[in-house]
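Colleague: Those protein sequence lines, which keep their order, are chains H and Y. Just so we're aligned, residue 0 is where the first sequence starts under numbering that gives the first Met the number 0, counting upward by one. Just so we're aligned, residue 0 is where the second sequence starts under numbering that gives the first Met the number 0, counting upward by one.
It cannot be assumed that every hint is accurate.
A pair holds if it fits inside one copy or across any two, identical chains being indistinguishable in the list.
Unchecked claim - Listed next, the in silico DSS-like pairs over lysine-lysine satisfying Cα-Cα at most 27 Å (straight line):
#1 Lys230 <-> Lys258
#2 Lys229 <-> Lys198
#3 Lys102 <-> Lys243
#4 Lys243 <-> Lys7
#5 Lys198 <-> Lys3
Worth flagging that the hints you see were computed from the coordinates, not collected in a lab.
Number of protein chains: 2
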Amino acid sequence: MNFKEELKNRANLVEAALERFLPSSDAYPPLIHQAMRYSVMGGGKRLRPALVIAGAETVGGKSADVLPAACAVELIHAYSLIHDDLPAMDDDDYRRGKLTNHKVYGEAVAILAGDALLTLAFKLLTEIESSHPEKVLKVINELAEGAGTFGLIGGQVVDTCSTDESDGEAVLEYIHRHKTGALYRVSVRAGAILAGASKKQLDCLTEYAELLGLAFQIKDDILDVEGDEKKLGKPVGSDIKNEKLTYPALFGLEKSREKARQAAGKAQEALRCFDRKADFLRALVDFVINRDF
Amino acid sequence: MNFKEELKNRANLVEAALERFLPSSDAYPPLIHQAMRYSVMGGGKRLRPALVIAGAETVGGKSADVLPAACAVELIHAYSLIHDDLPAMDDDDYRRGKLTNHKVYGEAVAILAGDALLTLAFKLLTEIESSHPEKVLKVINELAEGAGTFGLIGGQVVDTCSTDESDGEAVLEYIHRHKTGALYRVSVRAGAILAGASKKQLDCLTEYAELLGLAFQIKDDILDVEGDEKKLGKPVGSDIKNEKLTYPALFGLEKSREKARQAAGKAQEALRCFDRKADFLRALVDFVINRDF
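Work the whole structure out from these sequences, hints included.
Modeller: Structural data, given as structure tokens:
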């Protein structure tokens, strides 16, 4: 498998669907729709939507049937980045090599654009064509749970506000498991649920996604120390500047690399119950820990 | 009918349900759950949830069956107030006689608490017990539409960012129709849809809700000029201070009162297709334009 080509194919599918699902730039009031498009259509690896699609394909489903769900998780990811970048939060000026949303549209519009993307995500989910509306409701329920205070937002709160330094490793694990892991887990489960996965298949995919999310996040922390600003599209060293709790800060670079490799290995093991239809997910693990962007 | 008692009964039902649905104050991470509860449980007239319940009751449904939907619209209302009050938006220090969310918890947590309430609203909707999951999906779809950029957020964007002063009345109508009207309309429709309303009943209720929302908003503008700060729980005159487009600013107080009465009269007419089960909605119209808080 040429993984990068496969990933690109899925990204193209998702971007074409996002283009259709997002209100056009001149729909009234245009400013908010421009701000939404600025952040959503501004690149990104589209890993979460690829996970939705792969979750479906791994259990025999089709990408076309889960595109609204794939786009919904990407909108939630985009909203979380816009709000994370705000001056009251991480106060970042650049994201993916471009000015952050509030640097272009101002804080008020950036807050509202984030709100609007989160809201639109749930609207998209209701537009999934399925003969099993109860499965669609289950996906909406899981996405709301994964994006909420016991998932993404919980991770963000602890990341932004934690003053508890007594047990750094536990806090760090909580942050990563929630801030990144929750949406990874929900993404792969959403695709699989819509495609009719069995309980056992869902369990394997869930374990896989949690370990993949962990590997991804450790690698992200490593790249913030030793990555190339041009390739990353954002300044490196911001974690140190902001005194963020990270794997390299806690364990050093070498031990962090080892932990990323361990998580990656376990993620591969979790896929043992699948045949070659899971090959994309297998290649994704290697991509995540070997990437330089 | 003793309207205030009936309204209070519904508010009590809703507050007991909100108490159950909101994560407890000590659930991890506690800060965000405390911030969510601070704004949601801090009073308010609970008009939108009352509309959900009345929408159901008017077409023969039961309040107990629509409580998650009633709470969901209240959570969306609460989230929109928290974000509206932020320094980057209206920069308000008081709401309902209490400090605004960001004055107590800081901007970062206030932004996240708003995000979390919006997210929780959609989760609640998936927990509606219904033998018609497609109706629940329709309600989620309408709520996402009404809360999005063609509804609530659209109104907020124009309210916050409009620089077009060429047609004040049209802009003002857009703001009110979207910022207040959209959620009123969705509230009454959500209750009615879940209770199995006919197309004709839905049409009547939709017209009613739009006119009620308009009357409410004109009255709100009037109270900001001539209301009693103690009763309102917030400073009066903030619209003038912020150079907001309002009915009194455009038409003067007397003409604004007349417009509120006209909208109220039309709202009553829209209820002609209903029997006495719509009496709560009828009394609500009078309450909305005669209130002093």
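Colleague: A separate judgement is required for each hint: does it hold in the structure or not?
Modeller: Outcome of the hint check:
1. Lys230 <-> Lys258: within (23 Å within a copy, 59 Å between copies)
2. Lys229 <-> Lys198: Answer is neither: 43 Å inside a copy and 57 Å across each miss the 27 Å cutoff.
3. Lys102 <-> Lys243: Answer is both; intra-copy 23 Å and inter-copy 25 Å each pass.
4. Lys243 <-> Lys7: neither (32 Å within a copy, 47 Å between copies)
5. Lys198 <-> Lys3: For Lys198 and Lys3, the Cα distance exceeds 27 Å both inside one copy (30 Å) and across copies (50 Å).
In summary, the structure is inconsistent with hints 2, 4 and 5 from the numbered list given earlier, while agreeing with the others.
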